[in-house]
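So the chains spell out like this:
Number of protein chains: 2
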Amino acid sequence: MDKERLVQKSCNEFVNLLSSKAAVPGGGGAAALVGGIGTALAGMVCNLTVGKKKYAQYEDDVKRILKRAEDLQKDLLDMVDEDAENFLPLSKAYGMPANTEEEKKEKEKVMQQALKKACEVPIKIVETCYEAIKLHQGLVDKGSRLAISDVGVGVQCLKSALISGQLNVIININMIKDEEYVNRVKEKTEKLVNEGSKIADEVYVKVEKILSK
Amino acid sequence: MDKERLVQKSCNEFVNLLSSKAAVPGGGGAAALVGGIGTALAGMVCNLTVGKKKYAQYEDDVKRILKRAEDLQKDLLDMVDEDAENFLPLSKAYGMPANTEEEKKEKEKVMQQALKKACEVPIKIVETCYEAIKLHQGLVDKGSRLAISDVGVGVQCLKSALISGQLNVIININMIKDEEYVNRVKEKTEKLVNEGSKIADEVYVKVEKILSK
Chain A
1 MDKERLVQKS CNEFVNLLSS KAAVPGGGGA AALVGGIGTA LAGMVCNLTV GKKKYAQYED
61 DVKRILKRAE DLQKDLLDMV DEDAENFLPL SKAYGMPANT EEEKKEKEKV MQQALKKACE
121 VPIKIVETCY EAIKLHQGLV DKGSRLAISD VGVGVQCLKS ALISGQLNVI ININMIKDEE
181 YVNRVKEKTE KLVNEGSKIA DEVYVKVEKI LSK
Chain B
1 MDKERLVQKS CNEFVNLLSS KAAVPGGGGA AALVGGIGTA LAGMVCNLTV GKKKYAQYED
61 DVKRILKRAE DLQKDLLDMV DEDAENFLPL SKAYGMPANT EEEKKEKEKV MQQALKKACE
121 VPIKIVETCY EAIKLHQGLV DKGSRLAISD VGVGVQCLKS ALISGQLNVI ININMIKDEE
181 YVNRVKEKTE KLVNEGSKIA DEVYVKVEKI LSK
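These protein sequences, in sequence, are chains A and B. At the far end of the first sequence sits residue 213, using full-length UniProt numbering, and the numbering has no gaps. At the far end of the second sequence sits residue 213, using full-length UniProt numbering, and the numbering has no gaps.
It should be emphasised that the hints constitute simulated quantities derived from the structure, not laboratory data. For clarity, every value in this text was computed on a predicted model and none was experimentally measured. For each residue, glycine too, the CB sits at the ideal point set by N, CA and C. Each hint should be verified, as a subset may be incorrect.
[Said to hold, decoys possible] Below, a sample of chain A positions facing chain B; criterion: calculated Cβ distance under 10 Å:
1. L6
2. G36
3. Q57
4. A69
5. S91
6. A147
7. D150
8. V153
9. I163
10. S164
11. N168
12. N174
13. Y204
[Unchecked claim] Below, simulated DSS-like cross-link-like pairs (lysine-lysine); rule was C-alpha separation at most 25 Å, straight line:
14. K191/A / K206/A
15. K198/B / K206/A
16. K209/B / K188/A
17. K177/B / K209/A
18. K213/A / K177/B
19. K209/A / K209/B
20. K109/B / K213/A
21. K117/A / K107/A
22. K209/A / K206/B
23. K134/A / K21/B
Based on the provided sequences and hints, a complete structural model is requested.
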């Protein structure tokens, strides 16, 4: 059973499957994995900092960041498969007959539910990548200088995953008719994407400055 | 032997290893994998476009893009392990003794060679991600509209891999003393990163516009 999970596939296999016309993994799963990679880089920086005399004053903070990074990384990796599972009802709904008025009504009803289901993981990707970007914000000041480029790579990955999550929200809510839901989700994700991108850019500029010294 | 390759590890294992203090994979390997993911999304868009009547006029172009995407994707996945192999000499050089003047001289000589070796893959990541971004530039106009969000996710991943590749060039050339080499590499990668980022942003804006219609 576990062998069937997308994250249990080799990196090679996953990427090859992504490039095929198979329904999953899609852009959402790709975003979750890239977010997981960006979060793992925060974990790496913590692991290269903890125990070093030079950073002893930040030891407790860095340990806290590490714990949080481990949790977020696990969440993002789980989302790779969760996104694939949540896509199935939508895929099925598309195939429903719509010949009679009654069939059309039923199909539309099922579609609307399936679209909201398909939105769930992309929303979580946005929320989680935002949190992970804030971990790098702490590490750019408190992490080992020897791993500073990994903070830079980490925020780049997370920013792209954040925006990619949002894109996968948009393709679904574009077809959702529940205006209250659409507005609420749009507002929430836009705010996180704007703030998260801004923080990621600030962290990246700091990394560049440190590297140009 | 092949089992030892990083890209043969499961996505889960790779990400967990990335977050550890193990010397590899590092930021360079992460960048190569994220580039591979972004390139695979170009392949996916092609595979969802080829054979569709609506896009028959672009069939030859899309098939050409697909062939190129498959090649670049394979190259980027190979770079994950190549980057790890190229880091070994540098890792060894750091451990060389430097007690006598002679030892210092020898260490410095070996270090300088190892630094150039460690630069090789990051430079290739920048070059390859630039090429892959240009594939998405073609697909935003010629690819199936049903997969337009995947073009958006693709350029986001590739832009972050492009910049991450450059960061991994910078951390090495910062210590290289061969000025002619440093200037040449800096100039080349900066040009590709600037142009590639610009194209990626333009493609993304087009995707956003199509999705907001």
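List, from low to high, the hint numbers that the structure doesn't satisfy. 3, 5, 19, 22
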